[in-house]
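K.L.:
Chains as they are written, first to last, in the numbering used here: chain A, 21 to 435; chain B, 11 to 253.
Take the hints with a grain of salt, since some may be wrong.
[Unchecked claim] Computed footprint of chain B on chain A, listed as stretches where at least three residues anywhere in the stretch have a Cβ under 8 Å from a Cβ of chain B:
| id | region |
| --- | --- |
| 1 | 29-38 |
| 2 | 418-431 |
[Said to hold, decoys possible] A few chain A residues that don't get close to chain B, going by computed Cβ distances all over 10 Å:
| id | residue |
| --- | --- |
| 3 | M112 |
| 4 | D140 |
| 5 | P224 |
| 6 | K255 |
| 7 | A322 |
Because the hints were derived from the structure by calculation, they are not lab data.
Beta carbons are placed, not taken as given, at the ideal position from N, Cα and C, and that holds for glycine.
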Amino acid sequence: MDVLRYAMSELIFRRGRSLVTAVSIALAVLAAVVLTALAGSYARALRVPIETVGADVIMQEQGDIPPKLEGLVFPHPNALIPAPVVAQVRTMPGVIGLTRAVYMWDLEPDRYESVLGIEDTDVGLATLGERLVDGKPIKADSRAVLLDSDFAAKNHFKVGDTVKIGAAAFPVAGIVDAARTGKLVRADVYVPLAIAQALATSAPEVRALYPFGPDDANLVLVKVNREQLEPVVTKITDLLGKKGVVSSELSMRQALSGVMFLSQSMGLIVASIIGVFAAAFVWRATASSVAERRREMAVLQAVGWSWRHIREQVLVENLALAVVGTAAGLVVAAVVALALGHITVTVDLPWDLSSTPHFIPSATVDRTQVITAPIAVSWSMAALATLGGVVVSALAAFAVLALPRPQPWSLLRSE
Amino acid sequence: MKDPPMDAPPNSIAKSAPPAGQPAIRVDGVRKRYGEVEVLKGVDLTVGAGAFTAIMGKSGSGKSTLLGIIAGLEQPDAGDVFVMGQKLAGTGDRAMAELRRRSIGIVFQGFSLIPSLTALDNVLLPTFFAAMTSAERNRRATNLLTQVGLGARLHYRPAALSGGEQQRVAIARALMNSPSVLLADEPTGNLDQETGKAVLELLIDLGRTHGTALLIVTHDPDVAARAANVVEMKDGKVANVHA
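Bound conformation, chain A alone:
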């Protein structure tokens, strides 16, 4: 307690130096916490478009343009993904779940529609069921379809009507508001996967390009353990080869790298540089404080303090500064995060994932998505910054007091 009181007296007595040292620690903590919070928000924003699909990775393969743009065709970025390839992905370490889909355009002389056949999983038909605005959901064995609400409104469809896909007709079971949560993996008409597979298998323009079988797909949504996202993406990319299109948070980040300077690693690098400067300043401040107090330390030795006691005293003073500095840094960081609230990022959606043919004039769509992500202070980064401040301050005390020390009497003698 005496040591703490002495430390406080000393820090208040040399308040200028104490303040500057604490502020340098606070700035480093502030930079580390705020920059990583911003970087974390950017990272979260980039995940949003794909996360709203319900997956972490979207698998596609680029193919060829059909000889004739009529009837049911596969869009250029949605070539055949054979069932054995899907099976390999399913067994990859880190893959939690997988949803197959068949995505097609139905190009008729008098109409156009995009059709998505998808499995009955949490990411597939079940999700569509949650976005139902009218009618009822469909299941894997249904012979009915769901319509996108915009498409239904534009074409005056309602529940109970019949919609044609290719030459076949299907009753409308329900209408869904798929736009509510994003722009990816959207279609005008949603059908169970088996129906889409059957339609694709018999479609001449599909068969002209691909040996599409009844169990194949041309779009696969993969849920991944986030910690293993990078290796899984690498493996899928290797598996699909040069024509593979693997969309994920990572590809989104790459696409934005030109304008987004605050990546997670960049935030850490900037914070680390500030941290190194702060550490150097703390060391310098401790060294000059100890140099100024050599005589005082000799007095302490003269009144019965060992060097260990003196080291503990300087350590307590530095730790007190570290506590004050990190606390101030954390408080300011929390205030800054609160004041900023959120970031707004405009994400360019990959062309490959566009649900609308670019050659249809009326189908021109905005392929950007404006995403707001909250800025949240990471507790682990706050803890790490606090630990860093404490460790740097403690090391500075030890390092400075490990330097050679003069004989105390040379500082105290009268002559």
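Once you have looked at the hints, place chain B on chain A.
P.N.:
Below, chain B without anything else, positioned relative to chain A:
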């Protein structure tokens, strides 16, 4: 300056006594060299328990160096020093600190108070790591400061005290651990004559009251005149000892 009130000494800290038949301080053949200059050339000295001894000599005679070596704050090149029967040579930092904490009080010419601490906290410094309760330590420090006439200035920082008052605080601090040996290096050197005289009286009185061996390094013949023994140093040697 008015003499301070002299109360009975606070007895919270047990004073260590030298082993039977041993002096409080014994210096045997101590030598010390700074570069080319040999400051001490084989000094022998004995200070009895409770005795008041003054060391006199011209500047550069080695008297301050000798005091620093006795305090264990300077290392001799040769010879042995015993304080309260304990040989200083080979004593580690912790054990030396413990010896100073238990047995040695030191008063410096330049007061050497910690500027950030109050008078009371400066006096408490030697007992920061002592096995005493906070209340005991505060009571003892307050009593000592009252004895040296600073009972009303417990919470003053050194900068707010006069030179004489600062030296009184330093004396109270030196007596805080109830030392068996009190070493003073020109304790009146920075004070005017009247204040210096008062401080000297205080040192002698408190030393006597506390039963402490007092070893003072001084230029001042008036100080030496009060000592039971006067050691004259010349060119790094003890030239004369007057009883």
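K.L.:
Each hint needs a verdict: does it hold in this structure or not?
P.N.:
Results of checking the hints against the structure:
Taking a C-beta to C-beta cut-off of 8 Å, the region 29-38 of chain A contributes 5 residues in contact with chain B, enough for the three needed, and the coverage statement holds. As drawn, the region 418-431 of chain A meets chain B at 4 residues by the rule of a beta-carbon pair under 8 Å; at three or more, the given contact holds. Against the 10 Å criterion, M112/A stays outside the reach of chain B, whose nearest CB is about 62 Å from its own CB. At roughly 74 Å, the least C-beta separation between D140/A and chain B is larger than 10 Å, which holds for a residue marked as non-interface.
With a cut of 10 Å on Cβ distances, P224/A stays outside the contact zone with chain B, its closest approach being about 92 Å. Here K255/A stays apart from chain B, with its beta-carbon at least about 61 Å from theirs, past the 10 Å limit. Distance to chain B contradicts A322/A as a non-interface residue, since its nearest Cβ pair spans about 5 Å, not more than 10 Å.
The earlier numbered hint that this structure contradicts is number 7, and it is the only one.
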